[in-house]
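If you read the sequences in order, they're chains A and B.
The numbers in numbering that gives the first Met the number 0 rise by one with no breaks, and the one at position 84 of the first sequence is 83.
The numbers in numbering that gives the first Met the number 0 rise by one with no breaks, and the one at position 7 of the second sequence is 6.
No lab work stands behind these hints, which were simulated from the structure alone.
Treat the hints with care, as some may be off.
Ranges of calculated distance between the beta carbons of each label pair, as one might list FRET restraints [stated by the list, open to error]: (1) B/I82 to A/F89: 23 to 29 Å; (2) B/I86 to A/E125: 28 to 34 Å; (3) B/L89 to A/F2: 25 to 31 Å; (4) A/I23 to B/I82: 17 to 23 Å; (5) A/V8 to B/I82: 30 to 36 Å; (6) A/A59 to B/R90: 25 to 31 Å; (7) B/I82 to A/E140: 24 to 30 Å.
Cβ atoms here follow ideal geometry from the backbone N, Cα and C, with glycine treated the same way.
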Amino acid sequence: MAFGAIAGVVALASLGVVAFNNAIRSALCLVLTFFLLAVLYFTLNAQFLGIIQIVVYTGAIMVLFLFVIMLLNLGGINAVMQKRDPKIIFGGVLGFALFSLVAAQVLLPLQGVTTVRAPDDFGKPEYLGSALFSNYVWPFELASILLLIGIVGSILLAKRRILSPAMDALNAEDAERGVGE
Amino acid sequence: MFTCGVVGVIVRRNPIVIFMCIELMLNAVNLTFLSFARYQYVLPTGSPADVKNQIQQTAINGQIMVIFVMAVAAAEVAVGLGIIMAIFRLRDNVDLDELNLLKG
Chain A
0 MAFGAIAGVV
10 ALASLGVVAF
20 NNAIRSALCL
30 VLTFFLLAVL
40 YFTLNAQFLG
50 IIQIVVYTGA
60 IMVLFLFVIM
70 LLNLGGINAV
80 MQKRDPKIIF
90 GGVLGFALFS
100 LVAAQVLLPL
110 QGVTTVRAPD
120 DFGKPEYLGS
130 ALFSNYVWPF
140 ELASILLLIG
150 IVGSILLAKR
160 RILSPAMDAL
170 NAEDAERGVG
180 E
Chain B
0 MFTCGVVGVI
10 VRRNPIVIFM
20 CIELMLNAVN
30 LTFLSFARYQ
40 YVLPTGSPAD
50 VKNQIQQTAI
60 NGQIMVIFVM
70 AVAAAEVAVG
80 LGIIMAIFRL
90 RDNVDLDELN
100 LLKG
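Starting from the given sequences, assemble the full structure and let the hints guide the process.
Spelled out as structure tokens, the structure:
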């Protein structure tokens with residue numbers, strides 16, 4: 000019952016992410032969605048993942064989004080406004096088709112599945128940690144390498160001047176083009 | 000939620016909002032994984048001990064999948080926003096329909 004109510008608000012908030020013209024309002028709808036999803040994870044007895052959702056998604060990713068929106072000043076009145084009508088209609092039709100396709104496949108076999116079959120310590124950190132370090136060590140290490148690549152990549156993308164004499168041609172071209180104000 | 004994300008990616012022109020719709024899709028998938036891991040629509044196909052092991056495996060599988068999807072999403076957000084900022088430094092507007100830098 001609580002799941003249904005919270006899930007309804009989540010659906011409305013995700014519609015809000017798509018529908019608002021202002022980018023900041025979309026971002027705030029997304030924050031609401033993530034927070035409600037964390038509450039849903041708590042009702043699903045996955046406490047560790049609920050906390051991780053709040054910390055990682057709401058606390059880090061959405062903050063990053065809001066920083067970038069406000070840095071690039073994309074939420075104002077002179078922001079990118081929706082003026083392409085045929086694409087909206089096409090997108091709506093496609094969305095409805097996709098929704099009916101997914102719902103037809105997923106909703107019918109799942110009528111009345113209400114018996115919780117997972118063990119009771121489903122979401123405890125010890126349970127997850129022991130599985131993560133015993134059965135899933137390979138994906139764990141690969142995920143850490145992926146995060147390292149992401150860090151290096153984003154630092155490289157944000158760099159303005161590469162300080163070395165061998166890069167003088169690159170720096171001169173950068174200065175001429177006006178990058179790095 | 001997933002369908003909202005897909006429609007958003009198609010319809011919106013602001014690349015940051017498109018990015019947010021991608022995150023919405025990833026979160027929808029997370030929720031699906033967790034619900035399936037908890038309510039476990041498994042077909043009992045063996046001895047009771049086997050089924051119990053299968054159920055525990057599925058519960059753990061769902062959560063591990065969610066953890067890795069979150070990690071991948073975090074890395075992807077960092078790199079993607081870096082790309083958007085780099086593009087925006089080059090040309091002062093971020094209208095997606097005018098981004099034809101790769102056009103031959």
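To see whether the hints hold, each was checked on the structure:
| no. | hint | result |
| --- | --- | --- |
| 1 | B/I82 to A/F89: 23 to 29 Å | holds, 26 Å |
| 2 | B/I86 to A/E125: 28 to 34 Å | violated, 44 Å |
| 3 | B/L89 to A/F2: 25 to 31 Å | violated, 46 Å |
| 4 | A/I23 to B/I82: 17 to 23 Å | holds, 21 Å |
| 5 | A/V8 to B/I82: 30 to 36 Å | holds, 32 Å |
| 6 | A/A59 to B/R90: 25 to 31 Å | holds, 28 Å |
| 7 | B/I82 to A/E140: 24 to 30 Å | holds, 26 Å |
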